[in-house]
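Asks: Spelled out, the chains give:
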Amino acid sequence: MEKPLTQHIVPGRAPLSLKEYEKVGGYQSVRKILKEMAPADVQNLVKASDLRGRGGAGFNTGLKWSFVPMGPEVAKPKYLVANADEMEPGTFKDRVLLEGNPHQLIEGMIVAAYAIDASISYIFMRWAYKVAAREIIKALDEAYEAGYLGENILGSGFNLDMHLHTGVGRYMCGEETALLNALEGKRANPRAKPPFPQVSGLFGKPTIVNNVETLCCLPHIINNGAEWFKGLSKTGDAGTKLYGISGRVKTPGCWELPMGTTIRELIEEHGGGMQDGYLFKGLLPGGASTDFLVEEHLDLPMDYTAIQAAGSRMGTGTMIILDDQTCPVGFVHNLQHFFAQESCGFCTPCREGLPWVEKILLAIDRGEGKPEHLLTLDFHTKYLGPGNTFCALAPGAMEPLQSALKYFREDFERHIHEQHCPWSKAKVWQPSI
Amino acid sequence: MLTTEEKHKIDHEISLVPSPKNACIEALKIVQHSHGWVSDESLKDVADYVGMSPAELDSVATFYNLIFRRPVGRHVILVCDSISCWVMGYEGIRDRLYEKLNIQYGQTTEDGRFTLLPNCCLGTCDRAPALMIDNDLYRDLTVEQLDEILEKYT
Numbered sequence: 001m002e003k004p005l006t007q008h009i010v011p012g013r014a015p016l017s018l019k020e021y022e023k024v025g026g027y028q029s030v031r032k033i034l035k036e037m038a039p040a041d042v043q044n045l046v047k048a049s050d051l052r053g054r055g056g057a058g059f060n061t062g063l064k065w066s067f068v069p070m071g072p073e074v075a076k077p078k079y080l081v082a083n084a085d086e087m088e089p090g091t092f093k094d095r096v097l098l099e100g101n102p103h104q105l106i107e108g109m110i111v112a113a114y115a116i117d118a119s120i121s122y123i124f125m126r127w128a129y130k131v132a133a134r135e136i137i138k139a140l141d142e143a144y145e146a147g148y149l150g151e152n153i154l155g156s157g158f159n160l161d162m163h164l165h166t167g168v169g170r171y172m173c174g175e176e177t178a179l180l181n182a183l184e185g186k187r188a189n190p191r192a193k194p195p196f197p198q199v200s201g202l203f204g205k206p207t208i209v210n211n212v213e214t215l216c217c218l219p220h221i222i223n224n225g226a227e228w229f230k231g232l233s234k235t236g237d238a239g240t241k242l243y244g245i246s247g248r249v250k251t252p253g254c255w256e257l258p259m260g261t262t263i264r265e266l267i268e269e270h271g272g273g274m275q276d277g278y279l280f281k282g283l284l285p286g287g288a289s290t291d292f293l294v295e296e297h298l299d300l301p302m303d304y305t306a307i308q309a310a311g312s313r314m315g316t317g318t319m320i321i322l323d324d325q326t327c328p329v330g331f332v333h334n335l336q337h338f339f340a341q342e343s344c345g346f347c348t349p350c351r352e353g354l355p356w357v358e359k360i361l362l363a364i365d366r367g368e369g370k371p372e373h374l375l376t377l378d379f380h381t382k383y384l385g386p387g388n389t390f391c392a393l394a395p396g397a398m399e400p401l402q403s404a405l406k407y408f409r410e411d412f413e414r415h416i417h418e419q420h421c422p423w424s425k426a427k428v429w430q431p432s433i
Numbered sequence: 434m435l436t437t438e439e440k441h442k443i444d445h446e447i448s449l450v451p452s453p454k455n456a457c458i459e460a461l462k463i464v465q466h467s468h469g470w471v472s473d474e475s476l477k478d479v480a481d482y483v484g485m486s487p488a489e490l491d492s493v494a495t496f497y498n499l500i501f502r503r504p505v506g507r508h509v510i511l512v513c514d515s516i517s518c519w520v521m522g523y524e525g526i527r528d529r530l531y532e533k534l535n536i537q538y539g540q541t542t543e544d545g546r547f548t549l550l551p552n553c554c555l556g557t558c559d560r561a562p563a564l565m566i567d568n569d570l571y572r573d574l575t576v577e578q579l580d581e582i583l584e585k586y587t
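Protein chains in written order, with this note's numbering: chain A, 1 to 433; chain B, 434 to 587.
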């Protein structure tokens, strides 16, 4: 089984140095595009590979690039930004790539920057990834030294600068337009679209923001072609995917596997099955802002198409397991506390609605729930849904809530009817501030 | 007053962006790095230096979780309180810290050694529960390990 993105990552061992990376074929894609391909060729190849954004939205990467204005008369500089702000609760896949093989990311970023003719690039990374920051700084120095970055790269006339920017903590920074505001030294509020960042992004210039895992696919697509990339998958969605599992399974972790590996295989073979004494109750397939799936969905392939058809989203592909000994109301309450806290406060439904939802869940959790609370939660899932808020934060927050109300409604009703949490007291989520 | 070294570092950040204002978050990080937090006085100094009003800069400073606008201890403990750590029972860790340090979230020990804060998902969910102390990440935590971990920080 091919694992292009993680083949050179060995847990517990330092990432490959530039010399070691070159020895296993590193930076060949940069040599190839600079010598043989025009930016339009790179865009077309990536479009044909069906690579879809791995940050959660799943948009075709080559198509996203194609909206960037090209040609000599276009405003310069253009920017490429790697979104390494991984703050979606339950998500830890980009950390693996950032810590494990920083040169692969840099190589992918050079490919992407060349495809859109960008001359300045940033890695926007969350503050918490200290090891990754250290390794990336080292790798950037090596790449500049070897002439893969800077002016006139490998004598091609193509110029690219690359900087590491570490954030100061806020979930909103993962939203691409909010990320651009943060990079500009502003509050990370999302921007109105249009104009889209491809046309007017960082400092008003054409900008592409791509996820780390997306960028890491690029060198392999350049080297091996679109058909090879599609062939890695078990289903219609191309490539491999970094899947992860957290929660009460025997061996939680992160694995690169063919796209479309089933949920059951992920949990039972890779996650080792449920821990002794715990039963599976449900899961969030791709981070905190995705809808619950349950037992009936276990044989679905984990890809964009199948998970969406089941009423959820693959999101980041890192799943969080809900077990039978964890209170589903507490689970959702923990999530809503997070979303309410991380709302940027810019638009009213999100700023006012999420704390309301959180307070109701606290009341139900404490045994103070009223029957009408469920109706209030129901209408929030609609009023905070897509189209009613400025960005995707609140609609994302409503996904686990609406699906919990669908699949675990009896558990909510029991809390209200019995006026206490049927699970052990220790598992009642209590916000601390 | 900003020190010469701080000004030097801020100047470098300003040189990388179109307008000095664009470097304001970097400037706040530089000041926090030398003082541990951003006081009202520091905030005003930075605002003057990058050409913003103190109110505008404070709106940026207070937006971000990791810019401290109140004094913190010599070491900051950030306890992950997000979903995977909750499922894996992080409350035991938190309660032991409350008890051992005799403080709650948002407080600093009397000797100025530790500040205790809750934090969003640290991105290490397969090895929950987790916390960070300064730049160090601790994972697969058990309550029993805490004493030994805390002893490393004086």
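Bear in mind the hints are in silico, worked out from the structure with no lab data behind them.
Errors might be hidden in some of the hints.
[To be verified] Facing chain B, according to a computed beta carbon distance under 10 Å, are these residues of chain A, among others:
| no. | residue |
| --- | --- |
| 1 | Met-87 |
| 2 | Phe-92 |
| 3 | Ala-146 |
| 4 | Gly-150 |
| 5 | Leu-154 |
| 6 | Thr-166 |
| 7 | Cys-173 |
| 8 | Ala-192 |
| 9 | Lys-193 |
| 10 | Pro-194 |
| 11 | Pro-195 |
| 12 | Gln-198 |
| 13 | Leu-322 |
| 14 | Thr-348 |
| 15 | Pro-349 |
| 16 | Ala-392 |
Ideal placement from N, C-alpha and C gives every residue a C-beta, glycine not left out.
Asks: Double-check A/Met-87 for me: the hint is only fine if its C-beta lies closer than 10 Å to a C-beta in chain B.
Replies: Constraint on A/Met-87 satisfied, holds at 6 Å.
Asks: Tell me if A/Gly-150 is really an interface residue toward chain B, meaning its C-beta lies closer than 10 Å to one of theirs.
Replies: violated (15 Å)
Asks: Can we keep the A/Pro-349 interface hint, with Cβ of chain B closer than 10 Å?
Replies: violated (20 Å)
Asks: Interface hint check: A/Pro-194, Cβ to nearest Cβ on chain B, cutoff 10 Å. Holds or violated?
Replies: violated (22 Å)
Asks: Against chain B, is A/Pro-195 within 10 Å by beta-carbon distance?
Replies: violated (18 Å)
Asks: Is the interface hint satisfied for A/Leu-322? The criterion is a beta-carbon contact with chain B at less than 10 Å.
Replies: holds (7 Å)
Asks: Have a go at the A/Thr-166 hint: is there a Cβ in chain B nearer than 10 Å to its own Cβ?
Replies: holds (8 Å)
Asks: Under 10 Å is the threshold here; is the Cβ of A/Ala-146 close enough to any Cβ of chain B for the hint to stand?
Replies: Check failed: Cβ of A/Ala-146 comes no nearer than 22 Å to chain B, outside 10 Å.
Asks: Does A/Lys-193 pass the interface check with chain B, least Cβ-Cβ distance below 10 Å?
Replies: Since the shortest Cβ distance to chain B is 21 Å, the answer is violated.
Asks: Holds or violated: A/Thr-348 as interface residue toward chain B, Cβ cutoff 10 Å?
Replies: violated (18 Å)
Asks: Given A/Cys-173 as an interface hint, is its Cβ closer than 10 Å to any Cβ of chain B?
Replies: holds (9 Å)
Asks: Please verify that hint: A/Gln-198, Cβ, nearest Cβ of chain B, below 10 Å or not.
Replies: violated (20 Å)
Checked against the numbered hints above, the structure breaks hints 3, 4, 5, 8, 9, 10, 11, 12, 14, 15 and 16 and satisfies the rest.
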